[in-house]
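Number of protein chains: 2
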Amino acid sequence: MVLKSFVEVQPDSHFPIQNLPYGVFRPAPGSEPRPGVAIGEYVLDLSVVASAGLFDGPVLKNSDCFNQVNLNKFVGLGRPAWKEARVTLQKLLSATEPTLRDNPSLRQKALVPVVQVQMLLPVVIGDYTDFFASMHHAKNCGLIFRGPENPINPNWFHIPIAYHGRASSIVISGTDIIRPRGQGHPPGNSPPYFGPSRKLDFEMEMAAVVGPGNELGKPVDVNEAADHIFGLVLMNDWSARDIQAWEYVPLGPFLGKSFGTTISPWIVTLDALEPFASDAPKKNPPPLPYLAEKISKNYDISLQVLGSSKYIYWTITQQLAHHTINGCNLRPGDLLGTGTISGPEPESYGCLLELTWNGQKPLSLGGSTRKFLEDGDEVIFTGCCKGDGYLVGFGTCSGKILPSPS
Amino acid sequence: MVLKSFVEVQPDSHFPIQNLPYGVFRPAPGSEPRPGVAIGEYVLDLSVVASAGLFDGPVLKNSDCFNQVNLNKFVGLGRPAWKEARVTLQKLLSATEPTLRDNPSLRQKALVPVVQVQMLLPVVIGDYTDFFASMHHAKNCGLIFRGPENPINPNWFHIPIAYHGRASSIVISGTDIIRPRGQGHPPGNSPPYFGPSRKLDFEMEMAAVVGPGNELGKPVDVNEAADHIFGLVLMNDWSARDIQAWEYVPLGPFLGKSFGTTISPWIVTLDALEPFASDAPKKNPPPLPYLAEKISKNYDISLQVLGSSKYIYWTITQQLAHHTINGCNLRPGDLLGTGTISGPEPESYGCLLELTWNGQKPLSLGGSTRKFLEDGDEVIFTGCCKGDGYLVGFGTCSGKILPSPS
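Quick note, the sequences are listed as chains A and B, same order. Take the working numbering: the final residue in the first sequence is number 575, and no numbers are missing along the way. Take the working numbering: the final residue in the second sequence is number 575, and no numbers are missing along the way.
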C-alpha cells in the first residue's frame, strides 16, 4: 500500500509524499523568503506549519529553524531534526490525517500553488567544492586533452580529486547565464586571444548540501559522513572550455568556471533517496583505510536525457570524508559537487566536451547541430528515481545563455 | 611637520596616526565584537565613536556600519565612506583636537589597551582566491617541480594565474595550526602513503580585502579596480607540500592548503599605503587590453625577514580586474591573496619549499636546522612601510604547529 497525500499529486510528479524536498521561496513578489517543501503542485510553507505549532517533536518544538530566510539553521541541526521533520510532515500531509486536510483556513495559508512562488537559493553557501568523481568523465577528458596513453592520472584512483569552486556565482535554476569573456589560446605559438568564450559548455552534476559540518582540525569518519549530508540537488557547472584550457595549468580551473553555476531549487533528502541506493562501483586498487567505507553506495537517479548518478566512482560520503581528512572544516549549507556525471556510452556523457569530442563531432538536436552552446540556448536538466507507483524527483535545473556584454 | 596623535605612539610602532588600520575586536572576554582602529598601543572602539555622534560627515552620519560584528558593511560602502572615516579619525586622534583628548570619560570608553582585547577575523569572507603573482616564486616552483626547461608555464605571462581557496579555514593570527593528515606519494611506482604531512610549509603572502564588489556578469575595469580594494593584510597560506604534490594534477591545490590560512588582524587601507606606492615591474609581453592599467603600481612593504611586496608582477588591481573579466561577482569582504612573495635573492624567498629547495638544502635557524616545519614551530610574519619619521605597518601574522590528531 503506497503512502498517499490528501494533496492531489499526478503520477508523473517529482514531488509525491515520498519525496518532500526542501527549498526556500517567496509566496509573492517582495514577501520575506521562508522554507518550504514541495508536494505535487504546491509548496507547503514551513513557517506557517511551525507557527501553527505543528512541529511538536522534541527537537523541533522550540526551534526557530523554519522562521529563517534560508535552510542553514535547519540543515545544521543534523539527522535527528531531519528525521523528526520528515515524520511530522509525512503525517501532516497524509490522506488519513485531518489536522491540515480539514482546516480550510490553515490549508489556504500553508499550501501555496508552486506557479505563484519565486524559488530562491535554499542555503547560504559558504564554500563550494567540486569533485571529479565520475571515471568515464575523467577518462574522456584525459583522452581529449592528453591522448590515449594513461588518460586517467594515477592519483585519480587513490584520491577523490576536487577543486575549490566559486560560491558567489552559484545561482538558482532559471537564472540567465551571461556568456563569459576571457583569454583563450589557439593551437601553436600564436599569442592568446580575448573575447566571448568560443567553447561554452554545460556540465551535468549532482551536488550534496552539507549538514552540521565539522570543526577545523577534526576530520569526519567516512562511516559517519552520511550524517553530514542533508540532501542532493541537480547542478549545472557551466564551463568555458577555451578559457579553462588556457588557464588551468598548474593551479586548476578558475575563470573557466566562476561565471555561473546553476542549482535546482529543491534539496532532495538522503532519507527520500534511501530506497534507491545501489552499490557503488568496486574500487581497484582498494582505497586507503580513511576512504574504506563499510557500506559504499550511490543512488540510482536517472538524469534526463543523459545518464545515471550510479556511475559515480567516489561516493559522496567518500568525497566528504576526504574533504575533511586534512582537518578542513565544513559548514552547514556548503555544497559538494560530484563533477560531471558520464556513463560508459556516448549518449550518457554529461557535457558537450565529451558529447561532441571537443567540437569534433557536432551533435544533432532536433534539426540543428551544436559543437558548443550558442547564445539563446537553454539547457534543462532533470532527474528522478522511479519508485513502485511514484517518482522521487529533483524537478529541473535550467539556464539560458545570454550574449557577452559588448 | 609630521602629523601626531595625542595618544602616545612609540617610534617603532606600526600604528601611528598615519596608518589607522581597521580590525574587529572584543574589548573583554564574552563581549560583543565591534570594529576598531589601532593607534599605538590602543584600539579605538568605533562603535563608541559612532554612538557619540562623532562620525558627522555626509556618508557615515546616519550609518550603522560601525555597530556591526564585522567590517563587511563598512567595506561595502566604498571609497567615499573610507575617505570620510579616515579624515574624521585622523582629526579626532590628532594632538591638536580636544574633542576626545580632553574628554576623560569618553577616552576611557573609546580607547582600549590592545593587550586587553581579543582580535577576531575582521570580515566574513564569502570567497577566498589565491593568486600566483610573484614571478620569482613561479620560477622557483617550476625549477623544483619541472626542471630548468621553461620553468614558468607560457600562460603565466598573460594571465594572473589563481585558484579558488577555502574560506572556512581562514583563521586569525595567533590561532594554532594542526598538522594535516593526508595522502602523499613517494618517488617511483610505490603506492601512496597516508599520515601526518611530512612537508609542512608556510607561504608569506599579502591579501587584499574586497570593498563594494560587482554584480554577476559585470566585470570591473582595471583602472577602477582600486576602488574595490579596501586594504591589505599579511597572510600565511600554510601548505602541505607532500599532499599538494600528489593531489594537484589536474585540478590544482585542494587539501594541501585547506587545513588553515592565517591572516593578520589589522587591515591596512590603500589610503595609508599610498605614500609607499612604487612602479610595478614592466610586463613583457604587454598584457591584453583588459589588464593594461594606466597606472600600474605595487606598494613597497618590507616583509620581515624575507622580502618585499614590490616584487609582485601582477598588481592587485590587475588581479581583481582579471578575477571579474568573465563576469564573476566579488562581494564585500572577499579575500584575494597574492600568492607567495619571493624576491630574486635566495634570502628573499617566501616559503621553505624555495628556501630549502624542497628540503635539499636545510635552513639554519639559530642553532637548529629545518627542511620543513616541525611540531611546535611558530611562524611569525611582520611587514611595514618606512615613512619619514614613522612606520605604517601590519603588526604580526603568527601561528604555531600542533601535532596531527592520532
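Please note that the accuracy of each hint is not assured.
Identical copies look the same in the list; a pair holds intra-copy or inter-copy alike.
As the list claims (entries may be wrong) - Straight-line C-alpha distance at most 30 Å; calculated DSSO-like pairs for lysine-lysine:
no. : residue 1 : residue 2
1   : K230      : K451
2   : K530      : K242
3   : K540      : K387
4   : K463      : K452
5   : K451      : K479
6   : K569      : K387
7   : K230      : K479
8   : K569      : K466
9   : K540      : K466
10  : K260      : K555
11  : K530      : K252
12  : K451      : K278
13  : K173      : K463
14  : K463      : K260
15  : K555      : K530
16  : K569      : K463
17  : K387      : K555
Note that these hints are calculated values from the structure, not bench results.
How the hints compare with the structure:
{"no.": "1", "hint": "K230 - K451", "verdict": "neither (43 Å within a copy, 65 Å between copies)"}
{"no.": "2", "hint": "K530 - K242", "verdict": "neither (47 Å within a copy, 50 Å between copies)"}
{"no.": "3", "hint": "K540 - K387", "verdict": "between (46 Å within a copy, 27 Å between copies)"}
{"no.": "4", "hint": "K463 - K452", "verdict": "within (13 Å within a copy, 55 Å between copies)"}
{"no.": "5", "hint": "K451 - K479", "verdict": "within (12 Å within a copy, 52 Å between copies)"}
{"no.": "6", "hint": "K569 - K387", "verdict": "between (41 Å within a copy, 17 Å between copies)"}
{"no.": "7", "hint": "K230 - K479", "verdict": "neither (37 Å within a copy, 58 Å between copies)"}
{"no.": "8", "hint": "K569 - K466", "verdict": "neither (34 Å within a copy, 40 Å between copies)"}
{"no.": "9", "hint": "K540 - K466", "verdict": "neither (35 Å within a copy, 42 Å between copies)"}
{"no.": "10", "hint": "K260 - K555", "verdict": "within (22 Å within a copy, 70 Å between copies)"}
{"no.": "11", "hint": "K530 - K252", "verdict": "neither (48 Å within a copy, 57 Å between copies)"}
{"no.": "12", "hint": "K451 - K278", "verdict": "neither (49 Å within a copy, 65 Å between copies)"}
{"no.": "13", "hint": "K173 - K463", "verdict": "neither (34 Å within a copy, 67 Å between copies)"}
{"no.": "14", "hint": "K463 - K260", "verdict": "neither (33 Å within a copy, 66 Å between copies)"}
{"no.": "15", "hint": "K555 - K530", "verdict": "neither (33 Å within a copy, 61 Å between copies)"}
{"no.": "16", "hint": "K569 - K463", "verdict": "neither (42 Å within a copy, 36 Å between copies)"}
{"no.": "17", "hint": "K387 - K555", "verdict": "neither (38 Å within a copy, 42 Å between copies)"}
The structure does not agree with the numbered hints 1, 2, 7, 8, 9, 11, 12, 13, 14, 15, 16, 17 stated previously, though it agrees with the rest.
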